[in-house]
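K.L.:
Here are the chains, one letter per residue:
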Amino acid sequence: MAVQPEIDPATGRTTTGHEWDGIKELNSPLPKWWLYIFYATIVWSIGYWVVYPAWPLVTNYTKGAFGYSSRQEVVRDLDALRALRAERSTALASTPLEEIARNPTLLTFALAQGKAAFGDNCAPCHGLSATGSRGFPNLRDDSWLWGGGIQDIHQTIAYGVRTADDRSRQGVMPALGGPNGVLKTDEIVTVANYVRSLSGQSTRPGADLAKGKELFIANCAACHGEDGRGNRDLGAPNLTGHNWVYGSDEKTIIETITQGRGAVMPGWAGRLDETTVKALAVYVHALGGGQ
Amino acid sequence: MSDLLAQAARKSTAAESDPIIPSADDEPLYESRREIYQQSVKGRLRTVKWVVLFACLGVYYFLPFLRWYRGPNQPDQAVLVDIANNRFYFFFIEIWPQEIYYFTGLLVMASLVLFLMNAVAGRVWCGYLCPQTVWTDLFTVVERWVEGDRRERMIADSKPMSVAKAGRKVLKHFLWLMIAWWTGGAWVLYFADAPTLVKDLATFQAPMVAYIWIGILTFTTYALAGLMKEQVCLYMCPWPRIQAALTDQYALNVTYRYDRGEPRMSMKTAARAREAEQPAGDCIDCHQCVVVCPTGVDIRDGAQLGCIQCGLCIDACNTVMAKVNRPLGLIAYDNDVNIDRRRQGLEEVYPIIRTRTVLYAAMIAAVGLVMLYGLVTRSFTEMSVLHDRNPLFVQLSDGSVRNSYTVRILNKRPLHRIFVLAVDNLPLARLSAVGITTTSGDWPVIDVGPDSTRELIVHVTAAKPADLPQSTRVTFRITELGTGEKASAVDHFISR
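In order, the protein sequence lines correspond to chains A and B.
Letter by letter, the first sequence follows residues 0 to 290 in numbering that gives the first Met the number 0.
Letter by letter, the second sequence follows residues 0 to 495 in numbering that gives the first Met the number 0.
Any given hint could turn out to be false.
[What the hints assert, rightly or not] Across the chosen pairs, the derived CB separations fall in these ranges:
#, chain 1, residue 1, chain 2, residue 2, range
1, B, 327, A, 22, 40 to 48 Å
2, A, 41, B, 58, 47 to 55 Å
3, B, 326, A, 18, 27 to 35 Å
4, A, 82, B, 201, 49 to 57 Å
5, A, 53, B, 49, 51 to 59 Å
[Stated by the list, open to error] To list a few chain A residues with every Cβ distance to chain B over 12 Å, as calculated:
#, residue
6, 26
7, 140
8, 198
9, 273
In short, the hints are calculated from the structure, not lab data.
Computed from a predicted structure; not experimentally measured.
Think of the CB as a built atom: it goes at the ideal place given N, C-alpha and C, for glycine as much as any other residue.
Pulled out of the complex, with its shape left as it was, chain A reads as follows:
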């Protein structure tokens, strides 16, 4: 049977009949439209099932009326990105390397693209900050094995070092030691000490620097030059400076002379498109060492 709802004396409003420790809950009914909005959201969700992929099936899923997929959306976004960049990419492709830096818009574009490409492709060897590590040259200083002009940098990136490509940088540091080597072990130590003296480093007491120089001119100067300043055509490093790819301690220099060096850098012309290679050259050139 129907019961008259209880009236709260203070407010004159009805209560829900719920009571906690003597405190009664007033009945504050929600507006009806609130309930209808809830029903509307349920209807809306049915629309979602129809329009979007929704239900998992045994080997498949319901595809939705418009065939939406997040993968397609990514592809579309990437295409849109390419279209957005198209104008500047074209400009970058057609502008000679030396002139890119003079156009602030193009420079910013190339630096941004170069930075991303560097992180993806070059950082594993040269480091994310391009400071290199033992055996991998630092690209921020002013010591370049193959030249620090933007064309030089571009050529090195595009075709690599000591690869099968004819256009790649060629020239190796031969092994001068070993059983059949040109130099004997004590001669190598002498040369190594002479080489250290070229950059003002300390030498082993009693080292015969005159003999070392003689050996150096006979065996090393062809590539490194009589003054030891190197030859970028051959990738022969400057031995008079502060920067060393493998290290300037006596042990390392002895190792280098004994075993030779012939590290390889892959060419990127075939893997990256020309615009990206260009952007990389601009980026590396702008890191500080560019000449």
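Given the structure of chain A, go ahead and fit chain B onto it with the hints provided.
P.N.:
For chain B alone, coordinates are given in the frame of chain A:
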């Protein structure tokens, strides 16, 4: 399980015998909307509301068309939110995205003004200024114009549908939609050059996003001001709840002076009571205060959540009081303190200057002054410097050391400007900027376009790092060629 069964069994027997458990239809959980037929009213506060309505809507609809010359190739719209170019223009002020703190200041001030209004006279915002109130008022006028006043509308709604009635309803909704559409249209004009956008909209050349926003605003305006009306204030708006916590006993609210009004009775009964020297209130229970109320509350129940304090009941009651020859102001801006004081025969008090009003006013002044100071001393040339994090320094073959920085120069004037970039406090230092070949002395010369920024990679090389401390505090400076306008930024040079 057996517990549940036992419970269910108890419940079924209880339903028959125990009268305490209410059934669902006794107390509905959901309440149907009570249709409000707001009656028109004339009076002082109604006039104030008209003035405020026309002022607010006038500003809203026409402000985008106001022009303001800023220089060649600069937008000439007085108020423009240029999202595409990251600029906000407000008359003589141009705000860049990094200066968004001005908006923070504005928002802080807006809320403090709201609090101050509340401390002085309750829900002034709700009753006069809130967009919901303004547009609902406008929509109600249209409704009255098409369908007639309260009585005509109630009669029409009680009758079955006819062609004439349907015609009026259709006309009303059409006019509502037109106003809503214009509201949405005005909104998008704040985000692009208004005359151009109007032309583009008319010729269907405007960007899709403009049409979408017009559609959204049309829908919300029509739904909120036309269909929802008082439901927005009663159920959706958070301000009544917050407001109740911010008020105090001295705030002036629209108040029924029950000390004067009660006991309420008809005119004749009151006249008889007065003759017999019995207590008789001024309220003649004519319900005029209720029928003019936009939210349908009875102000005689006291301050309540549903009351937006628009003061229309004051106008209605004053009209009646004038007719029955009783003093005006039975409903007025007043508070319970004064009702108590009158009952005790004390004089009324209206202390406008109270701790909270003074504090709010002081805070508004403080925030305003800070913003004004920021605006007046705002620089048109700025620079920022960011030292490369990795590597901190690079050693060169000759033993010198180089640090690299990202320098950004901000030119906030609508002019092409040329700056010389230099670094202080570093002996024997060379500075070069990537892509810059022009120099003045040894320093690079950089041109920055009008109203824009330029970011540069800058290398600083110190020839004798051994003479320097491990870290040297250095100052980068830009100086404009010609005017000599300067800006600087401090960073460090790491030598080892």
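K.L.:
Compare the structure with each hint and give your call.
P.N.:
So, going through the hints one by one against the coordinates:
1. B:327 x A:22: 40 to 48 Å: At roughly 43 Å between Cβ atoms, residue 22 of chain A and residue 327 of chain B fall inside 40 to 48 Å, so the hint holds.
2. A:41 x B:58: 47 to 55 Å: At 42 Å between Cβs, range violated.
3. B:326 x A:18: 27 to 35 Å: violated, 47 Å
4. A:82 x B:201: 49 to 57 Å: At roughly 29 Å between Cβ atoms, residue 201 of chain B and residue 82 of chain A fall outside 49 to 57 Å, so the hint is violated.
5. A:53 x B:49: 51 to 59 Å: holds, 53 Å
6. 26: violated, 6 Å
7. 140: The claim is violated: residue 140 of chain A sits with its nearest Cβ about 5 Å from chain B, within 12 Å.
8. 198: violated, 9 Å
9. 273: Fine: 21 Å to the nearest Cβ keeps residue 273 of chain A off the interface.
Hints 2, 3, 4, 6, 7 and 8 from the list above are not met by this structure, while the remaining hints are.
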